[in-house]
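There are 2 protein chains.
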Amino acid sequence: MIQNIRKVALLGMGTVGGGVYKIIEKQKNELIHKIGAELEISKVLVRNKGKYANLIAPEKLTDQWSDIIEDDSIEIVVEVMGGIEPAATYIKEALQKGKHVVTANKDLIAVQGHELLELAKTNHCDLLFEAAVAGGIPIIRPLNQCLAGNEITEVMGIINGTTNFILTKMSEEGMDFAEALQLATDLGYAEADPTADIEGHDAGRKLAILASLAFNSPVTFQNVYTEGISKISAKDIRYAHELGCEIKLLGIAKNTEDGIEVKVHPTMIPQSHPLAAVNDSYNAVFIHGDAVGDAMFYGRGAGELPTGSAVVGDILDVARNIQFHCTGRIGSSCYKNIPIKDIKETKSSYYVRMKLEDRAGTLAALAGVFGSNNVSISMLLQKTKDEKTADVVIVTYDVLEKQFMDSIIVISNMSMVKEISSIIRVYH
Amino acid sequence: MIQNIRKVALLGMGTVGGGVYKIIEKQKNELIHKIGAELEISKVLVRNKGKYANLIAPEKLTDQWSDIIEDDSIEIVVEVMGGIEPAATYIKEALQKGKHVVTANKDLIAVQGHELLELAKTNHCDLLFEAAVAGGIPIIRPLNQCLAGNEITEVMGIINGTTNFILTKMSEEGMDFAEALQLATDLGYAEADPTADIEGHDAGRKLAILASLAFNSPVTFQNVYTEGISKISAKDIRYAHELGCEIKLLGIAKNTEDGIEVKVHPTMIPQSHPLAAVNDSYNAVFIHGDAVGDAMFYGRGAGELPTGSAVVGDILDVARNIQFHCTGRIGSSCYKNIPIKDIKETKSSYYVRMKLEDRAGTLAALAGVFGSNNVSISMLLQKTKDEKTADVVIVTYDVLEKQFMDSIIVISNMSMVKEISSIIRVYH
Numbered sequence: 001m002i003q004n005i006r007k008v009a010l011l012g013m014g015t016v017g018g019g020v021y022k023i024i025e026k027q028k029n030e031l032i033h034k035i036g037a038e039l040e041i042s043k044v045l046v047r048n049k050g051k052y053a054n055l056i057a058p059e060k061l062t063d064q065w066s067d068i069i070e071d072d073s074i075e076i077v078v079e080v081m082g083g084i085e086p087a088a089t090y091i092k093e094a095l096q097k098g099k100h101v102v103t104a105n106k107d108l109i110a111v112q113g114h115e116l117l118e119l120a121k122t123n124h125c126d127l128l129f130e131a132a133v134a135g136g137i138p139i140i141r142p143l144n145q146c147l148a149g150n151e152i153t154e155v156m157g158i159i160n161g162t163t164n165f166i167l168t169k170m171s172e173e174g175m176d177f178a179e180a181l182q183l184a185t186d187l188g189y190a191e192a193d194p195t196a197d198i199e200g201h202d203a204g205r206k207l208a209i210l211a212s213l214a215f216n217s218p219v220t221f222q223n224v225y226t227e228g229i230s231k232i233s234a235k236d237i238r239y240a241h242e243l244g245c246e247i248k249l250l251g252i253a254k255n256t257e258d259g260i261e262v263k264v265h266p267t268m269i270p271q272s273h274p275l276a277a278v279n280d281s282y283n284a285v286f287i288h289g290d291a292v293g294d295a296m297f298y299g300r301g302a303g304e305l306p307t308g309s310a311v312v313g314d315i316l317d318v319a320r321n322i323q324f325h326c327t328g329r330i331g332s333s334c335y336k337n338i339p340i341k342d343i344k345e346t347k348s349s350y351y352v353r354m355k356l357e358d359r360a361g362t363l364a365a366l367a368g369v370f371g372s373n374n375v376s377i378s379m380l381l382q383k384t385k386d387e388k389t390a391d392v393v394i395v396t397y398d399v400l401e402k403q404f405m406d407s408i409i410v411i412s413n414m415s416m417v418k419e420i421s422s423i424i425r426v427y428h
Numbered sequence: 001m002i003q004n005i006r007k008v009a010l011l012g013m014g015t016v017g018g019g020v021y022k023i024i025e026k027q028k029n030e031l032i033h034k035i036g037a038e039l040e041i042s043k044v045l046v047r048n049k050g051k052y053a054n055l056i057a058p059e060k061l062t063d064q065w066s067d068i069i070e071d072d073s074i075e076i077v078v079e080v081m082g083g084i085e086p087a088a089t090y091i092k093e094a095l096q097k098g099k100h101v102v103t104a105n106k107d108l109i110a111v112q113g114h115e116l117l118e119l120a121k122t123n124h125c126d127l128l129f130e131a132a133v134a135g136g137i138p139i140i141r142p143l144n145q146c147l148a149g150n151e152i153t154e155v156m157g158i159i160n161g162t163t164n165f166i167l168t169k170m171s172e173e174g175m176d177f178a179e180a181l182q183l184a185t186d187l188g189y190a191e192a193d194p195t196a197d198i199e200g201h202d203a204g205r206k207l208a209i210l211a212s213l214a215f216n217s218p219v220t221f222q223n224v225y226t227e228g229i230s231k232i233s234a235k236d237i238r239y240a241h242e243l244g245c246e247i248k249l250l251g252i253a254k255n256t257e258d259g260i261e262v263k264v265h266p267t268m269i270p271q272s273h274p275l276a277a278v279n280d281s282y283n284a285v286f287i288h289g290d291a292v293g294d295a296m297f298y299g300r301g302a303g304e305l306p307t308g309s310a311v312v313g314d315i316l317d318v319a320r321n322i323q324f325h326c327t328g329r330i331g332s333s334c335y336k337n338i339p340i341k342d343i344k345e346t347k348s349s350y351y352v353r354m355k356l357e358d359r360a361g362t363l364a365a366l367a368g369v370f371g372s373n374n375v376s377i378s379m380l381l382q383k384t385k386d387e388k389t390a391d392v393v394i395v396t397y398d399v400l401e402k403q404f405m406d407s408i409i410v411i412s413n414m415s416m417v418k419e420i421s422s423i424i425r426v427y428h
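Chains as they are written, first to last, in full-length UniProt numbering: chain A, 1 to 428; chain B, 1 to 428.
Watch out, some of these pointers could steer you wrong.
Same chains, same label: a pair holds when it works inside one copy or across any pair of copies.
What the hints assert, rightly or not - Derived DSSO-like pairs: lysine-lysine, alpha-carbon spacing no greater than 27 Å straight-line:
1) K121 / K336
2) K336 / K22
3) K26 / K336
4) K28 / K121
5) K22 / K51
6) K28 / K336
7) K121 / K34
Hints are computed from structural coordinates only; laboratory data are not their basis.
Pulled out of the complex, with its shape left as it was, chain A reads as follows (with noise of 0.2 Å):
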């Protein structure tokens, strides 16, 4: 019956790497019905040979790149590696060479991701990469296809599962931040060295890819305003809770009349919006359209098997368009060039608690260096008092950040300020 085999080489034997061959050899019988072709992974790149020898046969192992590169009989090309090079070096070989690309490369995609699918272009290949965004979520296709009739104006979400397993701890358990993290290092959800996850950079690049998708304009990770959560405190949560909302570590991406802002911060956030209620380590993506209104994508944001998920499809798609001829069909969707602008720039409502001299005049000095900086208050909350200072929570309503933060250096000087204990931006 089956006179088609499409040959698949996979790049990395990793976490995801591990979780596409998995995939690919428990479901071969049910992909020759999806894509009329039987689908062989015909030769897997790692760095050691030997690690592999027990699960993989000897001819299919190898460690050069040219024994796939020079491969005519492989058509597609499944970049699991990570990292810049020689990832980068590879996909664009295999794709000058008409190979087609699936990858699941997040830090690569977020910084050449525009050049590398002109290259895809220009070859009439087939650049897949749903796995780079929010991991087993399916996002990239219900965006370029599904939601292509809609003028996107928002896309946002908790896009880092590290940080929502972090904030979910401190939230639900009252755990302090530091003992948080130590959990999930216990735990495997965060990284020996875990910077790009903490400090919001992972999720920054994430938002870069979905900006771009979801306003056909070219963003990347160096556009994205990044901050983490490692100054976000037990105390901040527990006033979050008395206002109604949940601290969340938010990507935050809008296209206004004057330009695209894209920011990852911490977040207070409604408890009645959905994403508030997303917990522990999962992702969702909250998109806004002019159609179809408010939409949520949820689910596994990493992981083996739900990241090698997101691959697979994106496997199964490129065999299916080589089977019809028709690769090459869905590509750059970035068709406009939108100013992005700089977070002086963007407007947000602040949350901001600070340690003030109890005495009389306090809080009337503070309310006119924020008036004179048009900066209007829509809460004051004088919280615990020892003898001689006051916990004051502010929170403002929608101001320019540049105005903010200019009010915010001169409260800093006050003699009667003790100290601006945390600046948390809210979402309404």
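Since the structure of chain A is provided, determine the placement of chain B on it from the hints.
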């Protein structure tokens, strides 16, 4: 620059047709970039041409199907009339003429979908119907493509907005069913004859389509067990809250070892489950796959623009496929023929509320009947008591529907049982 025009005929200008028309008019210039061709609505089939004279150019309006089927320049037929006939005939004639079809018609697809997809395949045509399930929520491409590497074992959801609105009002504001239904009618959420929504038929049609896609095996509306929400009382919702649950009208499809289960019924679901937080007229579809784990898709399941968004997404995909000469690329995904289980052969946990005579031995007799039918009791709560009767709530462990119903027949005939007030299935 643009040498191509893809011509579309719209059958129907009701709610959905109007939405499709508006979106395409608004996005005209964007769509050129997205599909590489201009999209033109060249004919609109309506019953009363006079009604649309102000909106649509007279040469585009027609009340004759022959004007469309005989026009060879029309490549895409968009059926948004609803109902079985003449929609079914028009779709068949269009496919036989090699025209591609996009439809939002769940009534038709839930019954004749498999046959129509075969016809599309024979004619190398696309037949897309994203809008037929969960309105604007992208779900068909995610299932058919993004998650194609998964064995999906469960798909369930809140797929009727009217009943979800009613249950939300009952849960949040303590309304009873009649009051909430009246509000839904006043707000235009419920139709003049709300039977199809209230009795779960609308949800059943969508579930049949979802199950077919998820399990790659034909499931039609006739296979779906349906039970509506008209018997749900404010008291049951109060008790559900006490048990940490919400009551939702769920469509539940499972692929089990001995066959497919497909059922729509009011369900108690733990408040911690993501579906429990889906409120008002929002819809959500929850999926479990062996690789991706749990995933959920949330958004507007109905309405002019959300449903229009899904239809337009499909039209753009067909247009792209025409540009790349690869229509018919993803057709029927039903390559299996899995038996479908009768509701009596399915398992569930049950909540039963009943009025009992308040005398010694009543509970023991009850427990005896359950026990002899292999029904294990997980919880028994004695609620309000008046002089002679007690309101008793029992929650069972998972049990075969057949065995549970056998025990209920015996119990309802016992002299000390004054009334079986309600029976609601419980989802763990």
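Do the hints match the structure? See the list:
| no. | hint | in the structure |
| --- | --- | --- |
| 1 | K121 / K336 | within (17 Å within a copy, 37 Å between copies) |
| 2 | K336 / K22 | between (40 Å within a copy, 23 Å between copies) |
| 3 | K26 / K336 | between (42 Å within a copy, 17 Å between copies) |
| 4 | K28 / K121 | between (30 Å within a copy, 24 Å between copies) |
| 5 | K22 / K51 | within (16 Å within a copy, 59 Å between copies) |
| 6 | K28 / K336 | between (41 Å within a copy, 15 Å between copies) |
| 7 | K121 / K34 | both (25 Å within a copy, 14 Å between copies) |
Violated hints: none; the structure is consistent with every hint.
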